[in-house]
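Student: For the record, the sequence lines run as chains R and L.
Numbers 1 to 203, taken from the numbering used here, label the letters of the first sequence in order.
Numbers 1 to 251, taken from the numbering used here, label the letters of the second sequence in order.
Mixed in with the good hints, there may be bad ones.
[To be verified] Think about it this way: if two alpha-carbon atoms lie no more than 20 Å apart in a straight line, the pair counts; the simulated SDA-like pairs of lysine to any residue are:
no.: 1; chain 1: L; residue 1: Lys37; chain 2: R; residue 2: Pro198
no.: 2; chain 1: R; residue 1: Lys110; chain 2: L; residue 2: Glu42
no.: 3; chain 1: R; residue 1: Lys103; chain 2: R; residue 2: Lys129
no.: 4; chain 1: R; residue 1: Lys103; chain 2: L; residue 2: Lys37
no.: 5; chain 1: L; residue 1: Lys192; chain 2: R; residue 2: Thr107
no.: 6; chain 1: R; residue 1: Lys118; chain 2: L; residue 2: Gln243
no.: 7; chain 1: R; residue 1: Lys6; chain 2: L; residue 2: Ser95
no.: 8; chain 1: R; residue 1: Lys103; chain 2: L; residue 2: Glu162
no.: 9; chain 1: R; residue 1: Lys103; chain 2: L; residue 2: Ser117
no.: 10; chain 1: R; residue 1: Lys103; chain 2: R; residue 2: His125
no.: 11; chain 1: L; residue 1: Lys67; chain 2: R; residue 2: Lys134
no.: 12; chain 1: R; residue 1: Lys118; chain 2: R; residue 2: Glu88
no.: 13; chain 1: R; residue 1: Lys118; chain 2: L; residue 2: Ile251
no.: 14; chain 1: L; residue 1: Lys67; chain 2: R; residue 2: Val147
no.: 15; chain 1: R; residue 1: Lys134; chain 2: L; residue 2: Glu161
no.: 16; chain 1: L; residue 1: Lys58; chain 2: L; residue 2: Glu42
no.: 17; chain 1: L; residue 1: Lys94; chain 2: R; residue 2: Thr87
no.: 18; chain 1: R; residue 1: Lys6; chain 2: L; residue 2: Glu90
no.: 19; chain 1: L; residue 1: Lys58; chain 2: L; residue 2: Glu91
no.: 20; chain 1: R; residue 1: Lys129; chain 2: R; residue 2: Pro198
no.: 21; chain 1: R; residue 1: Lys167; chain 2: R; residue 2: Lys110
no.: 22; chain 1: L; residue 1: Lys60; chain 2: L; residue 2: Leu50
no.: 23; chain 1: R; residue 1: Lys129; chain 2: R; residue 2: Glu88
no.: 24; chain 1: L; residue 1: Lys236; chain 2: L; residue 2: Glu42
no.: 25; chain 1: R; residue 1: Lys134; chain 2: L; residue 2: Glu240
no.: 26; chain 1: L; residue 1: Lys84; chain 2: L; residue 2: Ser95
Honestly, the hints are just simulated from the structure, not real lab data.
All figures in this text were calculated on a predicted structure; none of them were measured in a lab.
Spelled out, the chains give:
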Amino acid sequence: MIAIIKYKAGNTASVANALDRLGAHYFFAETPEELESAKAVIFPGVGHAGAAMESLREKGVDEWLKNTKKPVLGICVGMQLMFETSTEGDTVGLGVIPGALKKFDETEAKVPHMGWNKLISTGKHAILKNLISKNYLYFVHSYYAPVGDYTLATCNYINDFSAIVAKDNFIGVQFHPEKSGSVGSMILQNFLDLVYSPEKVKL
Amino acid sequence: MLTKRIIPCLDIKNGRTVKGINFEGLRDAGDPVELAKRYSEEGADELVFLDITATLEKRKTLVELVKRIAAEINIPFTVGGGIKTVDEIEELLKSGADKVSLNSSIVKDPELINKASATFGAQAIVAAVDAKKNGNSWNVYVKGGTEDTGLNALEWMQEVEERGAGEILLTSMDRDGTKSGFDIELLEKVNKLVRIPVIASGGAGTIQHCIDAVKLANVDAVLAASIFHFKEIEIKDLKEQMQRSGIEMRI
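Bound conformation, chain R alone:
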């Protein structure tokens, strides 16, 4: 089963609904013990990175995440916390992916970056299967991960930034696949396939 990490800053209802629509089995997990019983983990997030990290620390979920070898999909703030640091409340993240988050330049355009935007995929990975450059995804965020060695897809708003990242068993998406129509469902399905039937998404 898939564990959805339940913590204060998470938007767990939308992710659970999306998994229901795909017919996937899941449960909500709050402790390392619960997480340990899952086959893979979805780490959702909305809101403030600092508050989210604080909430993870309360039950030791941060340490569990740093060390797990299970597939982990981080969404929005869940992705952002995979990085080392964020200027949002000077937060220190999990650090499983190198890099620091930055805030969009508010003098250039409206912040948050909110709405549908296009991806340009720059890598090869099971999570990208069937994703084409015409695909739009739904974003809501003020901070972004710069393009780096682990970027699989970029998006442009004010500047290029990482829309999808992956390192080892960690995959992060800046957009909300659970709110991104059929393209978002496809990306969630790719993650489920990667967990349950890797031959389907084999490159």
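Could you slot chain L onto chain R? The hints should help.
Tutor: Just chain L now, with coordinates in the frame of chain R:
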């Protein structure tokens, strides 16, 4: 590039969609979830559900409806109509709404914006403003447009931004229901004053009206109800023509 959004609005009464016909009354237009699904399949970028029920049972019905919408719909949606407290907002967001739209309650209690924004994030808080021209400026109206607050609409919109609203849903009462086009003058002024996204509402009658709102007033999104309900304009045609006019759309 970030696309411009098309947002159909559904009026809800006692858990059902209603359509007004020439101001003469309301007709039942079926299950909101079915209509929402249709819109989402046709390419709507977001949805707004406006509850106009005036009974005490209201909240319970609305929460149940929000749960059903959230289970079926995979695009973002906003819920509005008579929301007054942080607790009510929390219940609706936990039930699966992405944003709530606040109107009369924030005029009465502006601090509600600060509280709600600090608790749930600015992205979840939409300030709905009903504006009507009053000489050379615009006034804010509340209670479904029946009460003039005397507030200057442009000043009020700057205030809602400062207090932490993430978006403004601006309805021109002069244009609402007229199908004579959006109030470009008002939208343009607002967009120069605020840095949060502005959704244009009130007056959509043709595809060109929507193109004008984006090209002339640089709005971030266009909201309409009747043109979609009565299938006068198909969302797909609207988006294709907007794109052909050079506007980035999700197609």
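Student: Now tell me if each hint is right for this structure.
Tutor: Going down the list of hints, with the structure as the test:
no. : hint                : in the structure
1   : L:Lys37 - R:Pro198  : violated (31 Å)
2   : R:Lys110 - L:Glu42  : violated (28 Å)
3   : R:Lys103 - R:Lys129 : violated (30 Å)
4   : R:Lys103 - L:Lys37  : violated (35 Å)
5   : L:Lys192 - R:Thr107 : holds (13 Å)
6   : R:Lys118 - L:Gln243 : holds (15 Å)
7   : R:Lys6 - L:Ser95    : holds (15 Å)
8   : R:Lys103 - L:Glu162 : holds (19 Å)
9   : R:Lys103 - L:Ser117 : holds (19 Å)
10  : R:Lys103 - R:His125 : violated (27 Å)
11  : L:Lys67 - R:Lys134  : violated (31 Å)
12  : R:Lys118 - R:Glu88  : violated (25 Å)
13  : R:Lys118 - L:Ile251 : holds (11 Å)
14  : L:Lys67 - R:Val147  : violated (37 Å)
15  : R:Lys134 - L:Glu161 : violated (33 Å)
16  : L:Lys58 - L:Glu42   : violated (29 Å)
17  : L:Lys94 - R:Thr87   : violated (28 Å)
18  : R:Lys6 - L:Glu90    : holds (16 Å)
19  : L:Lys58 - L:Glu91   : holds (13 Å)
20  : R:Lys129 - R:Pro198 : holds (12 Å)
21  : R:Lys167 - R:Lys110 : violated (31 Å)
22  : L:Lys60 - L:Leu50   : holds (15 Å)
23  : R:Lys129 - R:Glu88  : violated (32 Å)
24  : L:Lys236 - L:Glu42  : holds (6 Å)
25  : R:Lys134 - L:Glu240 : holds (14 Å)
26  : L:Lys84 - L:Ser95   : holds (17 Å)
The structure shown violates the earlier hints numbered 1, 2, 3, 4, 10, 11, 12, 14, 15, 16, 17, 21 and 23.
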